[in-house]
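S.K.: Using the sequences and the hints given, assemble the complete structure.
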Amino acid sequence: MKVYEIATLKTVIFGAGKAAPAIEAWVTAPEARGALLGAFGSDIGALNEVYVLRGFDSLDDLAAERDRALRSENPFGCLEHLVGLTFDTYKPFDFLPPVVPGNFGPFYELRTYRAKLNGLMPTMGKWEAAVPKRSDYSPLTIAMYALDGPPRLTQLWPYPSLEARAKARGQSVADGAWPPKGGPDWLSPDMTSAILMPLAFSPLQ
Numbered sequence: 001m002k003v004y005e006i007a008t009l010k011t012v013i014f015g016a017g018k019a020a021p022a023i024e025a026w027v028t029a030p031e032a033r034g035a036l037l038g039a040f041g042s043d044i045g046a047l048n049e050v051y052v053l054r055g056f057d058s059l060d061d062l063a064a065e066r067d068r069a070l071r072s073e074n075p076f077g078c079l080e081h082l083v084g085l086t087f088d089t090y091k092p093f094d095f096l097p098p099v100v101p102g103n104f105g106p107f108y109e110l111r112t113y114r115a116k117l118n119g120l121m122p123t124m125g126k127w128e129a130a131v132p133k134r135s136d137y138s139p140l141t142i143a144m145y146a147l148d149g150p151p152r153l154t155q156l157w158p159y160p161s162l163e164a165r166a167k168a169r170g171q172s173v174a175d176g177a178w179p180p181k182g183g184p185d186w187l188s189p190d191m192t193s194a195i196l197m198p199l200a201f202s203p204l205q
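Each step along the sequence shown adds one to the number in the working numbering, with nothing skipped, and position 24 is 24.
Be aware that one or more of the hints could be misleading.
[Claimed, not checked] Pair ranges (Cβ atoms, derived):
id: 1; residue 1: Pro189; residue 2: Ala29; range: 33 to 43 Å
id: 2; residue 1: Ser135; residue 2: Leu79; range: 13 to 23 Å
id: 3; residue 1: Pro21; residue 2: Ile195; range: 18 to 28 Å
id: 4; residue 1: Asp57; residue 2: Ile13; range: 33 to 43 Å
[Claimed, not checked] Quick list of in silico lysine-lysine cross-link-like pairs, PhoX-like style, CA-CA up to 20 Å:
id: 5; residue 1: Lys2; residue 2: Lys116
id: 6; residue 1: Lys126; residue 2: Lys116
id: 7; residue 1: Lys181; residue 2: Lys133
id: 8; residue 1: Lys133; residue 2: Lys167
id: 9; residue 1: Lys116; residue 2: Lys167
id: 10; residue 1: Lys181; residue 2: Lys126
id: 11; residue 1: Lys18; residue 2: Lys2
id: 12; residue 1: Lys91; residue 2: Lys126
These are calculated hints, taken from the structure and not from any lab test.
Backbone N, C-alpha and C define an ideal beta-carbon position, used for all residues, glycine too.
M.R.: This is the structure in structure tokens:
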């Protein structure tokens with residue numbers, strides 16, 4: 001995949017489960033472009049949100065698919081359950097392979113950092129040096145940089161449990177394997193994190 005999109009659907013209270021069948025139908029419709037990689041409901045962090053991760057072979061395909069949603073009378077087929085809808089466009093870090101669906105969770109942490117205006121390339125270089133060692137503690141699904149909005153970096157990390165997350169993060173820091181040495185120097189303190197759970201139809205589980 002050359003580009004990725006995260007569509008964030010803000011739902012009514014307890015709306016994720018109700019909206020899930022329509023979201024699945026929307027992203028798998030014959031006219032849909034791109035490949036569904038993950039669909040998640042928020043469990044810790046901003047609640048009542050669904051995150052849909054898709055990959056596209058070109059920006060043209062991504063733009064066409066987004067235009068389909070923007071022009072629709074019923075975006076993602078679940079307007080009755082929606083109170084908000086936003087889109088973020090990303091490119092993967094240069095050294096990372098494409099997202100591979102599979103059973104890696106069921107807990108996924110979505111982390112977003114605001115980068116300094118000239119921070120992308122230094123950060124990517126430091127991550128390239130550090131990710132192989134960090135992956136010994138737990139795998140990385142993807143790390144990406146935004147093509148729209150303010151400069152920011154987003155990562156998705158799977159864990160079999162919250163206990164495993166705490167252990168992997170704590171031990172990697174204690175061993176000096178993470179964060180990348182000098183990496184935080186290129187970031188701002190504006191950071192967010194959410195723990196997500198896959199919906200039943202998500203290729204990432």
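S.K.: Taking the hints in turn, state whether each one holds.
M.R.: Now the hints, each set against the structure:
Against the hinted window of 33 to 43 Å, the Cβ-Cβ separation of Pro189 and Ala29 comes to about 41 Å, which satisfies the hint. Range check, Ser135 to Leu79: about 40 Å between beta-carbon atoms, so the 13 to 23 Å window is missed. Distance hint check: the CB atoms of Pro21 and Ile195 are about 23 Å apart, consistent with the given range 18 to 28 Å. Checked against the given bound of 33 to 43 Å, the beta carbons of Asp57 and Ile13, roughly 37 Å apart, stay inside it.
Simply put, Lys2 and Lys116 have alpha-carbon atoms about 24 Å apart, too far for the 20 Å limit, and the pair is violated. Taking the CA atoms of Lys126 and Lys116, the gap is about 15 Å. The hint holds against a cut of 20 Å. A threshold of 20 Å between alpha carbons decides the hint, and for Lys181 with Lys133 the separation of about 12 Å falls inside it, so the pair holds. Restraint check for Lys133 and Lys167: the C-alpha separation of about 15 Å stays at or below 20 Å, so the hint holds.
Among the hinted pairs, Lys116 with Lys167 is inconsistent with the structure: their alpha-carbon atoms are about 29 Å apart, more than 20 Å. With a C-alpha separation of about 7 Å, the suggested pair Lys181 and Lys126 falls inside the 20 Å cut-off, and the hint holds. Our distance criterion of 20 Å between C-alpha atoms is broken by Lys18 and Lys2, whose separation comes to about 32 Å. Between the alpha carbons of Lys91 and Lys126 the distance comes to roughly 17 Å, so the proposed pair stays at or under 20 Å and holds.
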